[in-house]
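Trainee: Based on the provided sequences and hints, a complete structural model is requested.
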Amino acid sequence: MFVHALWATVYISIVAQVLGIILGLIAALMRMSNFRPLRFLSGAYVLVFRGTPVLVQIMFIWLIIPGRTVGFGAFTLKQEVFAGILALGVNEGAYMREIIRAGIDSIDKGQMEAGKSLGMRYGAIMRRIVLPQAARVIVPPLGNEFNNMMKTSSLVYIIGVYELFSDAEQVFSSSGNVAPFIAVAFWYLVLTSIWSIVQASIERRLAVSEHGDELSLRERAVAVWTEGGGVSRLGDWPFGAGGRWRGRS
Amino acid sequence: MTSSLEGLVLRATEVHKHFGRLHILKGVSLDVRPRETVCIIGTSGSGKTTFLRCINHLEKIDGGSIEVNGHPIGYRMKNGRLVEDSERNISRQRTEIGFVFQRFNLFPHKTALENVTEAPIQVRGVSKQEAISDAEKLLARVGLADKKDTYPGKLSGGQQQRVAIARALAMKPALMLFDEPTSALDPEVTGEVLDVMEELAHEGTTMIVVTHEMGFAKRAADRVVMMDEGVIIEEGSPEHFFESPTHERTKAFLSKIL
Chain A
6 MFVHALWATV YISIVAQVLG IILGLIAALM RMSNFRPLRF LSGAYVLVFR
56 GTPVLVQIMF IWLIIPGRTV GFGAFTLKQE VFAGILALGV NEGAYMREII
106 RAGIDSIDKG QMEAGKSLGM RYGAIMRRIV LPQAARVIVP PLGNEFNNMM
156 KTSSLVYIIG VYELFSDAEQ VFSSSGNVAP FIAVAFWYLV LTSIWSIVQA
206 SIERRLAVSE HGDELSLRER AVAVWTEGGG VSRLGDWPFG AGGRWRGRS
Chain B
46 MTSSLEGLVL RATEVHKHFG RLHILKGVSL DVRPRETVCI IGTSGSGKTT
96 FLRCINHLEK IDGGSIEVNG HPIGYRMKNG RLVEDSERNI SRQRTEIGFV
146 FQRFNLFPHK TALENVTEAP IQVRGVSKQE AISDAEKLLA RVGLADKKDT
196 YPGKLSGGQQ QRVAIARALA MKPALMLFDE PTSALDPEVT GEVLDVMEEL
246 AHEGTTMIVV THEMGFAKRA ADRVVMMDEG VIIEEGSPEH FFESPTHERT
296 KAFLSKIL
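Residue numbers (my numbering), protein chains in the order written: chain A, 6 to 254; chain B, 46 to 303.
Watch out, some of these pointers could steer you wrong.
Chain B is faced by these chain A residues, among others (derived, beta-carbon under 8 Å) [claimed, not checked]:
1. GLU118
2. ILE134
3. PRO137
Think of the hints as simulated: they come from the structure by calculation, not from any bench. Glycine included, each C-beta is placed from N, C-alpha and C at the ideal position.
Mentor: In structure tokens, the structure reads:
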């Protein structure tokens, strides 16, 4: 049972994060559009989803989605799982919009002009010239977002999704034993630590021509445990002060 | 269109451009014939770079018209009025116009070769093989055959600008525009870029060059154009220009720069 709970947390976090990236990219491009209604929609989206608690969003989306299951072809999800993923993803998109926009803004406008002067169209320039370069700027904060996502995903326990935290909560309410919460904290720590190492490796690959300071896997693991949040390129420490948790919920 | 205008590569008529309240171009007209090399000179702020950017619609114009190979750039007639053309059409028109930037604007995440093959493959739909073989020839032509797998960050300014020239030539444009191509370079490498451009001029490439390099203008230009405060004040052959300029402003400018 417990393995299912661990898997549910990982799975919900990944799908919600991917959804957040897609929505964030769409919203970022809308924000940069010349067409005013698109800019307005993008602004309204961010205003609403950053300005209200994610817990309220989870509840609201859960309440408005009908049925007991939601199907995608051969593939069905429990309604509460779908609602949870959707709420986390839509919420995440509002934060990703700013991160992606900052990444795109960081690319010299000469790159866009060079693409235009060669007869390339906007979409192709974005996809082949601007976004691959912006990725370097986007990936580090994106990694921190995913770290947060794994922890924030625990909130979906409120709508009855079975995952790490609700597993512990069930054991606690039937036994009154506090130990499951310690265990659950440990497992979140394991997840975020693994992610920190993965993140550092991705960032290292992206930065390979910029920095000469390559760390081995073992050194990265050591750095995660000893230096924690102090090393920004290793991502957000699970207990770190930099978390967005408080601002968000 | 009358027969005397046929075959013009560029026909710019009374082009006006404002940046806010600043009136940058105050009616610029310029015709360029095939195989001609035109150098535009003038003080900074005279509007020469802006004019060049208008030719491939990197800047919108507020009045007048620009035609390349007989096609209006950036605008089309709709119900008797000029409206801005669609992005698709503007992009297609730009494939006919090569542009070399002052700051190169190479794609830093692509090798020299990939910079050159990108647009032929993506825009023209040329096969990868053909694009690569063309690009290798172009890189050889600008003297960089051995740098094809090098990223721009590892190339000198002069080398980057030569890759940028090869990148623009890869689209086989009817007209090449150079926007102060050596202004961002160290003096010792301007020569290698100017040599490439001079060769292009002698081979009969139609080009417009905004430059402060008077030596290049003397050697390579068929015609020199002096711009001042948003208008063309004088134009003529290099001999006329550098030996017997007529306009006071031209004289003052040349005496300062030569």
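Trainee: Which numbered hints does this structure break?
Mentor: none
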